[in-house]
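Asks: Chains as they are written, first to last, in this note's numbering: chain A, 1 to 308; chain B, 1 to 270.
There could be a bad hint or two in this list.
Looking from chain B toward chain A, a few residues come up when the C-beta cut is under 7 Å (computed) [claimed, not checked]:
1. Ala58
2. Arg61
3. Ala105
4. Arg107
5. Trp238
6. Glu260
7. Pro266
Covered stretches of chain A (chain B as the covering partner; in silico rule of three or more C-beta atoms under 8 Å from a C-beta of chain B) [said to hold, decoys possible]:
8. 65-71
9. 273-284
Keep in mind that the hints were calculated from the coordinates and are not lab data. By construction, the Cβ of each residue, glycine as well, lies at the ideal position given by its N, Cα and C atoms.
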Amino acid sequence: MIAIHNLTKLYGSVIGVNDISVDLGAGAHGLLGPNGAGKTTFLGLVTGQLRPTMGRVLVFGEPPFGNPRVLRRIGFCPAADLGLGATTPREWVGYLVRLSGFGAAEARARADRTLEQVGLAAASCRPLATLSKGMRQRAKLAGAIAHDPDLLVLDEPFDGLDPVARHDLVELVRSWAKTRSLIVASHLLHEVEALDAGLAVILGGRLVASGTAAEIRDLVDSMPAEVRVRCDEPRRFAALACGVEGVESVRFDLGGVVVATRQPTLLMEQAVIRALDAGLSVQEVVAADRSLEGIFGRLVRLHRGVKA
Amino acid sequence: MSDSTAGIREPSRFALLASAWTVAAFQLRRLLTRPRLGLAAIGAVFPAAVMLAAGRAARGRLDPDLSVAMLYALIPEAVCMLGLLVTMCPAVADELERGTWPHVAVRPGGRRALLLGTWLAAVIWTSAVAILATGLALSVANVTDPFAVARILVALVLLSCAGRAALFALPAVVMPKRALVASVGVALVVEVLAGVIPAVVNQATVSLRLRSLLVDWMRWKQKLPTEMQLFIDPQPAWVHVLAVAVVVTVLLTAAVLILERRQFPPSEEI
């Protein structure tokens with residue numbers, strides 16, 4: 001479905017995406033990365049809004065930029081909110097369907113049908129400015145799917161939504177993706193995991209990992225995790241930690257000791273118990289950084305060949 | 001997938017027109033806001049107010065030809081130019097600012113339809129305001145044949161709007177964020193300065209064509225002093241109309257070609 005080879009996009013001297021090569025088959029795919037990682041640029045290249053500086057991107061076998069055959073088969077829901085105060089969802093979706101080449105009557109019918117599908121039928125004639133963020137997201141999604149694309153591309157679709165709206169939208173997207181292809185960009189791992197999508201992790205414009213969510217987690221788990229311990233005698237604690245099985249490195253940082261290990265839970269048990277037995281006062285133990293930023297950081301280190 | 005293409009128009013020469021009209025209708029609906037209607041009302045009343053003030057200053061003895069010349073300067077020149085600056089210049093910048101650009105750019109032919117539709121909406125909106133201004137101004141102006149003058153001014157308004165909107169389309173796509181400033185510059189340099197230079201360069205300006213048509217249709221050629229005749233082109237009216245059509249076609253084609261190749265980094269869209 002999407003074939004990308006050595007794809008690079010530069011904005012002057014700023015790198016948008018850097019030498020990415022990946023093949024995405026039909027189905028659901030999650031593009032994961034922190035803000036500024038290059039996700040939106042990647043999606044811009046896939047949806048034909050941007051042209052590669054180097055390399056090539058093929059969608060359905062053709063370059064998408066300025067290609068109506070490809071664009072007709074793509075639905076795109078960008079991250080930015082719609083600044084159309086007085087326009088109603090019905091007008092907006094109908095407008096987009098007409099721009100996709102449908103006649104007026106068919107566009108109205110599709111707009112009504114899709115707004116009902118996304119649960120916005122009752123609010124379809126209210127100005128967008130009076131709708132909640134979740135409802136506006138649904139209106140954007142309706143605009144992206146009303147022309148029945150083969151590939152739906154969503155950029156941060158759940159951003160700013162409350163848990164209920166997020167759950168509803170996840171269900172909606174998941175049911176849609178059962179029969180079509182989907183790419184969802186997000187900076188939150190659990191959002192992408194909820195869609196049962198394959199994952200591609202992007203950071204600093206580079207693709208640092210790809211696979212299923214389980215594969216990404218295994219990859220992350222296979223890397224040393226860092227545990228930070230603050231105690232009254234860091235040097236004695238470091239000496240004790242070195243004796244614990246599975247500890248790969250120990251360093252001093254900001255008055256504490258940072259221990260790298262592949263078994264952080266075991267370290268907690270053994271090193272801290274030993275420290276307490278030795279009469280040390282342990283004030284704080286901060287678990288390994290399991291946040292997405294932490295995972296990204298570790299993936300980058302792995303990508304660059306750094307062990308810890 | 002069974003009904004994904006049901007009802008879709010086959011690509012044809014009319015598909016672009018239909019899409020452009022869709023954009024124009026959408027843009028016109030968006031223009032129906034209180035601030036925009038207020039601006040339009042000011043634009044429509046302003047020439048009448050000036051004519052009223054001029055008539056009072058001349059104690060009701062304002063020369064009819066001078067009245068027509070003033071109406072020309074106020075409506076096809078000033079009102080149209082200002083109206084188009086407001087409606088045409090933000091053609092792309094507005095889309096980027098409102099977050100609608102990516103939605104439109106990923107539609108087949110969306111960029112082209114956006115530009116042509118916005119041009120159409122700008123021409124329709126500004127022409128409507130200028131024609132209303134013409135009616136109001138003529139009701140207080142001292143002219144010998146108001147209906148004949150109205151016909152001439154309406155024709156000039158339509159040509160002015162079509163030509164100037166196409167002219168402002170270029171800054172709108174080349175430098176969207178500074179389109180207003182650039183368009184004012186273009187208006188001053190091309191339409192005001194180059195338009196009055198009696199050389200080949202003024203042949204490509206809309207202002208020369210409008211002035212020449214006004215002189216032709218008002219039958220002022222014999223009355224004009226010799227030195228003033230340097231500022232008009234004595235060719236038949238159809239040549240001027242054709243020249244404006246050519247200017248519109250060339251400028252819009254150039255603007256469409258530029259917009260179809262434009263790329264906006266994601267940071268510019270938000």
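Asks: Hints first: check each against the structure and report whether it holds.
Replies: Hint-by-hint comparison with the structure:
Interface restraint check for Ala58 of chain B: the shortest CB-CB distance to chain A comes to about 45 Å, outside 7 Å, so the restraint is violated. Checking Arg61 of chain B against chain A by beta carbon gives a least distance of about 48 Å; that is not within 7 Å, so the hint is violated. Interface hint status for Ala105 of chain B: upheld, as the beta-carbon distance to the closest one in chain A is roughly 5 Å, under 7 Å. Look at Arg107 of chain B: its Cβ gets to within about 4 Å of chain A, closer than 7 Å, so that hint holds up.
Annotation: Trp238 of chain B was flagged as interfacial toward chain A, and the flag is violated, the nearest CB pair being 36 Å apart, outside 7 Å. With a least beta-carbon distance of about 6 Å to chain A, the hint placing Glu260 of chain B at the interface is held under the 7 Å criterion. Because the closest C-beta pair between Pro266 of chain B and chain A is about 4 Å apart, less than 7 Å, the hint holds. For the region 65-71 of chain A, the proposed coverage by chain B is satisfied: 4 residues have a C-beta within less than 8 Å of a C-beta in that chain, meeting the threshold of three.
Counting residues of the region 273-284 of chain A whose beta carbon lies closer than 8 Å to any beta carbon of chain B gives 0, which falls short of the minimum of three for the stated coverage.
Hint violations for this structure: numbers 1, 2, 5, 9, all remaining hints satisfied.
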